[in-house]
Each structure stands twice: as C-alpha cells, then as structure tokens.
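Taken in order, these protein sequences are the chains called A and B. Under my numbering, think of the first position of the first sequence as 1, with each following residue one higher. Under my numbering, think of the first position of the second sequence as 1, with each following residue one higher.
A hint or two may mislead.
Unchecked claim - Simulated pairs of lysine to aspartate or glutamate, DMTMM-like, Cα-Cα distance not exceeding 25 angstroms:
(1) B/K27 - A/D8
(2) A/K61 - B/D139
(3) B/K147 - A/D8
(4) B/K26 - A/D8
(5) B/K147 - B/D175
(6) B/K162 - B/E204
(7) B/K89 - B/D139
(8) A/K61 - B/D137
(9) B/K162 - B/D139
(10) A/K61 - B/E49
(11) B/K147 - B/E133
Just so you know, the hints here were simulated from the structure itself, not pulled from any lab data.
Given next are the chains, with one letter for each unit.
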Amino acid sequence: MGTQINPDLIAQIVAGFSFLAFFKLFSLVLIFFYFIFTLVVYRQVTLMNQILETSFTPLVKLTALVQIVAVVVLFFLVFLLV
Amino acid sequence: MPRIDIDVIEKPPEAKVISTLDGEMKKGSGIAPLSAFLAFPANVSFSGEQSDEQVILLMRAHVITTVPWIITSLIIFMAPSFIFPLLFKYNIIPSLTGSQAFCAGVFWYLGGFTYAFLNFLYWFFNVYIVTNEQVVDVDWYSVIYRKISSAQISKIQDVTSKQGGVLAGVFDFGDVIIQTASELPNFDFSKVPHPQLVVRKLKELMQKEELQWERK
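When you get a sec, could you build the whole thing from the sequences and use the hints?
Given below as structure tokens:
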C-alpha cells in the first residue's frame, strides 16, 4: 500500500503560509544568492590584485571582505526581525 | 687660440626632447593611486613584469567617464530620504513595520554600495600599462570575465590617437590604437588622458628599440 497525500493537511499548510512568510523566504533566498555573489567578487578582486599590485589594492580587498560580512549580517537581520 | 666658453655649450637635442617629454608626462600625472594617468609610478607591479623592467605609464579611462555611475549611486543613496516617503504617503508601496523598514533600508543601501563598488572595480582594474619593454592591456569586462594582453615594444608597427567630442576636447582624453605584429593585432587604450603624450612616448620607445637593433 502506498502513502496517500492528505488534502486537508496540504490545505492547512497553505492557509498557514501567509504572504509575509512567503516574502521573508523569498528575501532570504535572494540574500543567500547575494552572499554567493559577494564571495565571487572577493575571489575576483584577489585574482586581480595578483595581476595588478598597487598601494591601494589591500584596501580594495578589505572593502570586498567588509561587503561579505555586511551581507551575512543582513541575512541574520532579515531572519530575526522580519 | 679661440676661447671656448663652457657655459654656452648646449645639450644634445635628443636629450632635450626626452627630458621634455618625460617632464610633460610627469606634469600631466595625477595623484596616485587613484589617478587615471600615472607617469613613472612607484609601488606598482603587474603579473609578467621582468626584474629590470620599468613601468613608464599606468593609465585608466579618464575620471570623467566615472561620472554617470557616481551620479546614479548618489541617487540610489538619496532615494530613501526623498522618494520613499512620497511612495509611502500615496500608498504606492504598502507601509512597513519598524523592523521591516530597517531591514529594507539596510538591503537598499547595501545594494547601492555593491553597485558603486563594482563600477569602481571595473574602472580601477581596467588598466593600460606601458613599460620600457612591453605594453599591457588589462580588461575586466565583468565579474567573471577578464582579458590580459601584452605585446613587446619591438612588435609595435603603428600608433594612432583618436580624440573627438566636446568632453574629450575639454578634458583631453581619447583613444590610443596600437597596431602590432603579435597575435593580437590591435591594442585599444580607450578614453585615456593625454593621448598625444602616450603616442609620443610610444614612438620614442619604438625608436629606441630600432636603434638597439641597428647597433646589434
């Protein structure tokens, strides 16, 4: 005998899933992809610093790192406050 | 015996030209490290540089080309103060609670910062380098796509500069097109400051290479 899907259970889940929860989930997924993007940017900045080294390049690398941290903070802010 | 007055002995003409050109380049050089035109820059090295190689010019697109994205960034940063209150007032976007507004604000400003930072990176790392041995073109088109080209000075066949438009005339920037005999036939130094100086310096380096070949 196979398992049967309970339509009442599905209706309860859908009814309890408010627009705000959906918006929060969407935001968290978006911020996660934003986080991946900042990691890629940091990696590319590191590679470009190897190609061109000036006195300013450490500051550029630090800025890319700060951006990653800021996105992580934003993720937790949305998770906890929204 | 005629008297020779040592004070009036003139310098050879070739030395005068070189010092004038280098002097003009240094005069047109900006303040490191965020300048678009750096002559004989200190503390600059690049991948593939030889130990006895000297960086003569480090160039980027003229600073005036960064104005559009700087203005856009300023609009992005000022929008929450001026535009959003109007959008809330006329219910174009629904009102948010305090914590939601805070998170939305952080997200907005962080997005604006990322936009400005990326544009800065594209400007900062798109460089054109002229050394006493080679020319190097570093092109960073997008986050995941870049191209680095180089050619020996001895392979350069022709150098041309192009300058057109009101802004280019006022701020003295333009394109320097270098034709080479290498795998990449053309180098295009786009919107660099003082293109005439760049052309003159490249021609001087080409002449030096020719003289070295002739002596051999």
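Checked hints:
The suggested pairing of B/K27 with A/D8 is violated, with an alpha-carbon distance near 80 angstroms, which exceeds 25 angstroms. With a CA separation close to 19 angstroms, the supplied pair A/K61 and B/D139 stays within the 25 angstroms bound. Straight-line distance between C-alpha atoms of B/K147 and A/D8 comes to about 58 angstroms, which puts the hinted pair past the 25 angstroms bound. Under the criterion of a C-alpha separation no larger than 25 angstroms, the hint pairing B/K26 with A/D8 is inconsistent with the structure, at around 79 angstroms.
For the hint pairing B/K147 with B/D175, the CA-to-CA distance comes to about 18 angstroms; that is within 25 angstroms, so the pair holds. Using a Cα cut-off of 25 angstroms, the hinted pair B/K162 and B/E204 holds, with the two alpha carbons roughly 19 angstroms apart. Using a Cα cut-off of 25 angstroms, the hinted pair B/K89 and B/D139 is violated, with the two alpha carbons roughly 46 angstroms apart. In summary, the hint linking A/K61 to B/D137 is supported, as the alpha carbons are separated by about 22 angstroms, within the 25 angstroms threshold.
Distance check on the hinted pair: B/K162 and B/D139 sit about 19 angstroms apart at the alpha-carbon level, within 25 angstroms; holds. The straight-line distance between the Cα atoms of A/K61 and B/E49 is roughly 22 angstroms, inside the 25 angstroms bound, and the hint therefore holds. Restraint check for B/K147 and B/E133: satisfied, since their Cα atoms lie roughly 20 angstroms apart, inside the 25 angstroms limit.
The earlier numbered hints that this structure contradicts are 1, 3, 4, 7.
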